[in-house]
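There are 2 protein chains.
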Amino acid sequence: MKLYFLHYLSIGTLVISSLFPSVATANIEVPPANGIALPENYKDWRVISMSHRTDNKTVRVILGNDIAIKAARAKQTNPWPDGTIIGKMVWKEMEKKTWPSAIAPDKFVHAEFMVKDTEKFKDNGTGWGWARWLGTEQKPYGDAKDHDQSCITCHTPVKGNDWVFTTPAPMP
Amino acid sequence: MKLYFLHYLSIGTLVISSLFPSVATANIEVPPANGIALPENYKDWRVISMSHRTDNKTVRVILGNDIAIKAARAKQTNPWPDGTIIGKMVWKEMEKKTWPSAIAPDKFVHAEFMVKDTEKFKDNGTGWGWARWLGTEQKPYGDAKDHDQSCITCHTPVKGNDWVFTTPAPMP
Chain A
1 MKLYFLHYLS IGTLVISSLF PSVATANIEV PPANGIALPE NYKDWRVISM SHRTDNKTVR
61 VILGNDIAIK AARAKQTNPW PDGTIIGKMV WKEMEKKTWP SAIAPDKFVH AEFMVKDTEK
121 FKDNGTGWGW ARWLGTEQKP YGDAKDHDQS CITCHTPVKG NDWVFTTPAP MP
Chain B
1 MKLYFLHYLS IGTLVISSLF PSVATANIEV PPANGIALPE NYKDWRVISM SHRTDNKTVR
61 VILGNDIAIK AARAKQTNPW PDGTIIGKMV WKEMEKKTWP SAIAPDKFVH AEFMVKDTEK
121 FKDNGTGWGW ARWLGTEQKP YGDAKDHDQS CITCHTPVKG NDWVFTTPAP MP
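Sequence lines, in order, name chains A and B. The first sequence begins at 1 in the working numbering and counts up by one. The second sequence begins at 1 in the working numbering and counts up by one.
No lab work stands behind these hints: they were computed from the structure.
Below, in silico cross-link-like pairs of lysine to aspartate or glutamate (DMTMM-like), each with a Cα-Cα straight-line distance of 25 Å or less:
1) B/K97 with A/D55
2) B/K159 with B/E119
3) A/K70 with A/D44
4) B/K75 with B/D162
5) A/K97 with B/D55
6) B/K122 with B/D162
7) A/K107 with B/E95
8) A/K97 with B/E112
9) B/K70 with A/D106
10) B/K139 with B/D117
11) A/K96 with B/D106
12) B/K97 with A/E93
13) B/K43 with A/E112
14) A/K107 with B/D66
15) A/K43 with B/D44
16) B/K70 with B/E112
17) B/K75 with A/E93
18) A/K43 with B/D82
19) A/K107 with B/D55
20) B/K107 with A/E93
21) B/K57 with A/E93
22) B/K96 with A/D106
23) B/K107 with A/E95
24) A/K70 with B/E29
25) A/K43 with B/E40
26) A/K43 with B/E112
27) A/K92 with B/D106
28) B/K43 with A/D66
29) A/K57 with B/E95
30) B/K122 with B/E112
31) B/K70 with B/E119
32) B/K70 with A/E137
33) B/K43 with A/D44
34) B/K70 with A/D44
35) A/K159 with A/D123
36) A/K57 with A/E137
37) A/K107 with A/E95
Sample of chain B residues lacking proximity to chain A, with all beta carbon distances greater than 10 Å (derived):
38) P32
39) E40
40) N78
Owing to the predicted nature of the structure, the values given are computational and were not obtained by experimental measurement. All residues carry an ideal CB built from backbone N, CA and C; glycine is no exception.
Taking the hints into account, I'd like the entire structure generated from these sequences.
The following block contains the structure:
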């Protein structure tokens, strides 16, 4: 009985998907950036740290996938292990109306990621893949070659820290 | 057979706990603050927002339990639903050596929580329980009555926002 029900449900889903193909895919798929897929459910990842860049007036939360969090808590982050993904959610800064000396997130600027795979990304010299998606619409940013190089140039001062600016925030 | 095993395990645990009472409890139990238990695994919670308080030179990440995250994403936060717990992890601010115009977390200051339970906390007039634990050692802060009142006094400007300063950060 249960199986029959599931069978009819599948046919129903198929019919609905055929009728509304764009609706069925629009919220599910975001194009890859720099050959890298947008990490799934990254908004649900745990916190590694945060930062406030006063030079470009943005605030950030730095998140990690499970491998990154395990490494951060074990203080094994130079190098970060293969499989690590570090994600940054970046917002424009805003003064809080209810507490004017506090800075808080305004508009969402982009989400950017470093994906550690020493084999897959050995050709760019860092062992990391680099990718960014712009805005809440998550538009892929940059073309493959240039995007890598602009990321790597900026991260060169922290080459000795496995190319990563973030230091995991101390936690209880 | 399984039951016998569990029985022997319990006796074993009891013996070990008696031999090393402080070791056995130190990492497991943190005393309640203001009558509220330290929320379990709060470091694993998802992000609601962040802030930088330039007045007292601290930076913060604001996390939520599952009920809080669901409410934040559905934009149903005035009032927040019963069962919500909002947690703030607070650090002293520090200039990043590798990017001097960026501010990042230094020493961990405290973790503080607002626990929504309109029935349990109706007597303080807010429907929220208020609690804070100091430092990485998570020492409970304040005594019941005074602690509530100092929290509530400070949060009075946001009484119309269900006593909460945080606005969930926009996300994709």
